[in-house]
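**Q** Note that the protein sequences, when read in sequence, are chains A and B. Mapping of the first sequence onto this note's numbering: position 66 corresponds to residue 66, and the numbering continues sequentially without gaps. Mapping of the second sequence onto this note's numbering: position 31 corresponds to residue 31, and the numbering continues sequentially without gaps.
Honestly, the hints are just simulated from the structure, not real lab data.
Just a sample of chain B residues kept apart from chain A, beta carbon distances all over 10 angstroms, derived:
1) E18
2) V21
3) G22
4) D33
5) P40
6) E44
7) L46
8) I47
9) E51
10) L71
11) T74
12) D77
Here's a subset of chain B near chain A, in silico, CB distances under 7 angstroms, partners left out:
13) I10
14) Y59
15) P85
16) G89
17) G90
Quantities reported herein were computed from a predicted structural model and do not represent experimental measurements. The beta carbon of each residue, even a glycine, is placed where N, CA and C say it ideally should be.
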Amino acid sequence: MLTLPAEIRDAIVAHAKRDHPDEACGVVAGPEGSDTPTRHIEMINAAGSPTFYEFDSGELLDLYKQMWDNDEEPIVIYHSHTATEAYPSRTDIGLANEPGAHYVLVSTREVGNSPGPVELRSYRILDGEVTEEPITIS
Amino acid sequence: MSVEVKIPTILRTYTGGEKAVGAEGATLSAVIDNLEANHPGIKERLIDGGELRRFVNVYVNDEDVRFLGSLETTVADGDQIVILPAVAGG
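Chain A extracted, bound-state conformation:
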């Protein structure tokens, strides 16, 4: 199960809507071993694409160095799908390399940049196996 503070959920959704029709991506870091997401970091989608995302390599290193300094780890790794449902694609599964992270997907296909509810779901992805999990908003 993922427990996500409401303000971080709202910030992720706002980011996804703002970047639509391109995919948005980012991380919520938290204290190592806590499974508690506390610090939301929007990342640049270096691919700038409606069908692909990739963290910029320089930003990725800066992010990890900050997390190491703070004894943090990536609790949530999120990205948006802008034309399909909020379910991991084959590419998402193949490239999921943080075994401890909750992979959160947001779909903006219904609302685009407009107000309104979006689909937001969370998964564990381990060794190519996807398991959806409930989200509790705190």
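Use these hints to put chain B onto chain A, whose structure you have.
**A** Same frame as chain A, but now just chain B:
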């Protein structure tokens, strides 16, 4: 040349859980061969067909080696090498 290599979570199964390990080599390629000698299996996760895998990032002293010499990047004593899997998907 003796360097420190930071290992990402996903590859720590090869290093007995260690977050950083020492390695020797004058180029990134040699460092990876030395890693392989001590942590068998790790090289295949980094290199494919003689090239660095597309979704693995390696940094020498904070520079992405794709902007240096890729596998031929020279390393000096005390250099810091960081391996990070790309965070990417579709």
